[in-house]
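Visitor: In the order they appear, the protein sequences are chains A and B. Position 136, counted from 1, in the first sequence is what my numbering calls 136; the numbers after and before it change by one each time, with no gaps. Position 82, counted from 1, in the second sequence is what my numbering calls 82; the numbers after and before it change by one each time, with no gaps.
Honestly, the hints are just simulated from the structure, not real lab data. All values derive from a computational prediction rather than experimental measurement. Quick reminder that beta carbons are idealized off the backbone N, C-alpha and C, glycines included. Please note that a few of the clues may not be correct.
[As the list claims (entries may be wrong)] Computed footprint of chain B on chain A, listed as stretches where at least three residues anywhere in the stretch have a Cβ under 8 Å from a Cβ of chain B:
#1 47-57
#2 82-93
#3 106-120
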Amino acid sequence: MTSALEFHSVSKTFHSRGKTVQALRGVSFDVTEGEVFGFVGPNGAGKSTTIKVMLDVINDYEGEVRLYGVSAREAASRRGVAYVPESPALYEQFTPLEILRMALDMYDIRRADAEAWCMQWLERFSVAQNAKRRIRELSKGNVQRVALAHALVVEPRLLVLDEPLSGLDPVGRKDVVDILADYKRDGGAIFFTSHVLHDVERIADRFGFIHQGELLTTRSPRDLVSERADRFIIRYQANAPLDGEHAAIRDGEYEQELDEPALPAFLSRLQTAGGRLVTVKPAVSLETVFFKILEERRPA
Amino acid sequence: MSFPSDFRAACRLTLSARFLPLSLWLCIALVTIVLITAQFSARQPATVTLDLGLTVLRLALPVVAVLLLQELLSREFDRKLFLISLTYPRPRCRFLLARFTAIFGLLLILLVALAALLSGLTTFIGSSYTQSTPPDLGLPYLVTLGFIALDLLVVLAIGTLIAVTTTTPSFVLIGTLGFMLVARSYSAIVALLTRDSTLVGNADGYQSSLSLLGYLLPDLAALDVRMISLYGQWQFLPEDWALRVVSALAYAAALLGLSVWALNRKKFA
Numbered sequence: 001m002t003s004a005l006e007f008h009s010v011s012k013t014f015h016s017r018g019k020t021v022q023a024l025r026g027v028s029f030d031v032t033e034g035e036v037f038g039f040v041g042p043n044g045a046g047k048s049t050t051i052k053v054m055l056d057v058i059n060d061y062e063g064e065v066r067l068y069g070v071s072a073r074e075a076a077s078r079r080g081v082a083y084v085p086e087s088p089a090l091y092e093q094f095t096p097l098e099i100l101r102m103a104l105d106m107y108d109i110r111r112a113d114a115e116a117w118c119m120q121w122l123e124r125f126s127v128a129q130n131a132k133r134r135i136r137e138l139s140k141g142n143v144q145r146v147a148l149a150h151a152l153v154v155e156p157r158l159l160v161l162d163e164p165l166s167g168l169d170p171v172g173r174k175d176v177v178d179i180l181a182d183y184k185r186d187g188g189a190i191f192f193t194s195h196v197l198h199d200v201e202r203i204a205d206r207f208g209f210i211h212q213g214e215l216l217t218t219r220s221p222r223d224l225v226s227e228r229a230d231r232f233i234i235r236y237q238a239n240a241p242l243d244g245e246h247a248a249i250r251d252g253e254y255e256q257e258l259d260e261p262a263l264p265a266f267l268s269r270l271q272t273a274g275g276r277l278v279t280v281k282p283a284v285s286l287e288t289v290f291f292k293i294l295e296e297r298r299p300a
Numbered sequence: 001m002s003f004p005s006d007f008r009a010a011c012r013l014t015l016s017a018r019f020l021p022l023s024l025w026l027c028i029a030l031v032t033i034v035l036i037t038a039q040f041s042a043r044q045p046a047t048v049t050l051d052l053g054l055t056v057l058r059l060a061l062p063v064v065a066v067l068l069l070q071e072l073l074s075r076e077f078d079r080k081l082f083l084i085s086l087t088y089p090r091p092r093c094r095f096l097l098a099r100f101t102a103i104f105g106l107l108l109i110l111l112v113a114l115a116a117l118l119s120g121l122t123t124f125i126g127s128s129y130t131q132s133t134p135p136d137l138g139l140p141y142l143v144t145l146g147f148i149a150l151d152l153l154v155v156l157a158i159g160t161l162i163a164v165t166t167t168t169p170s171f172v173l174i175g176t177l178g179f180m181l182v183a184r185s186y187s188a189i190v191a192l193l194t195r196d197s198t199l200v201g202n203a204d205g206y207q208s209s210l211s212l213l214g215y216l217l218p219d220l221a222a223l224d225v226r227m228i229s230l231y232g233q234w235q236f237l238p239e240d241w242a243l244r245v246v247s248a249l250a251y252a253a254a255l256l257g258l259s260v261w262a263l264n265r266k267k268f269a
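Using the sequences plus the hints, can you model the full thing?
Guide: This is how it looks when you write it as structure tokens:
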């Protein structure tokens, strides 16, 4: 499968006021066409620097980055690549419609129905009613939606998103996740960063964990599940916890982690005690894996 | 990847950067200043009108240029708008050249509009009194305007370099206008010291230091050829006018080249 994005041993060091900070340390990974790759890490881990390197905003780095086989140092590599920064800044004096028209212009996309096409994208992001208001008059959430529409209006092959769901309300988050799912279904690749692990779990085909500039691991959800497929978290309702050690979620509702062989016996005991099963889900999650990896790498 | 797309976007940004209100204010200021000051000369009102009007153009247009540069370049970096504009599939040099060209193009249109207004005012004021040496608003006026445009080009080029290299938007204003002041006055000081070396102690040393500036700075005073239009006589046009044009163009090209180089190397943390 063709690579949409390749990082080969990329390192970047910042020098500021006598201090040296290694933002990226030999980072290597690739994203294939049509894949959704989530880049996870705490604040300051190197996620945004990775994006700036791939889009040539930062160009003094070591290693090699390629977009669809073209060196990221060349402007042509960004053909078919669209980017939405975290808390995006757009020209405040323009309207959303003008912002989207400008994107078509800058990607040299000529369409006879340009205005209708832009309006269609603004509608998809529920900002069509603000199409002719100035950006400075819009809320932060709506600016974020306009920025996403601005990226998708050019029908990119690779969408690069820096914390795409931050600044959105729950409805907005769901809308965006749905639109990204549609985009993926149509064959688009996504590279996105987040420090909210739940968002990554919802969207990504594969995850990369970055910490202090070092890419610790890349895994797929299948890898995660197979790693600890024998552990489950059971949530149940009962008058009292079945063996007195369970975490109480709220009054009368408890949670317990169990090995697979112990599951039938536990369910039987729950039935006997007159309890009610709420959910059974795999114990493994992106969050648990992330902290496990950090724990493993911490010096003894 | 066509340049017109970049240019169109840059023009839209320039127009939305208070260009039209600024232009309107400039027209009002020009009319007011010219009409008031023409009253001070009973025998040469048209010449004084034109002289003062050209001074207003030479002073005000660079200020407008700087304000537009602040809006289109400095604030672009300051407000992190570059995260979108520099990640389009276009080379950085095109981003810069499009904005430079758009600002210069719109300033030229403004110069033409103001020049037409000034020409009308001069004709109107001149109609009340027949001067023995009336100003020439034909070809000499056009040549004068051409030299003003050249001066503006050099000032815009240095402003662009400062806007790309500095991180403080206000420094674009201070630096560019400071540069303009020095570039427009140092040759006059050299000429003055040549004529009268008793004006300052160690005039020779002072003069040679100033002459050194001639290698670093363009001589913008040399681009002020308004005398040909004020008195309608070509003999006021300096003999080396072609050299002055080439020199100014070379400085502008060099400064612009440096700006592109600086933007390509600019570090965005």
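Visitor: Each of the hints needs a verdict: does it hold here or not?
Guide: A quick look at each hint next to the structure:
1. 47-57: holds (count 4)
2. 82-93: This one holds; 7 residues, not fewer than the three required, reach chain B with a Cβ under 8 Å.
3. 106-120: Held - the segment 106-120 of chain A has 3 residues with a Cβ nearer than 8 Å to chain B, which meets the minimum of three.
Hint compliance for this structure: no hint is broken.
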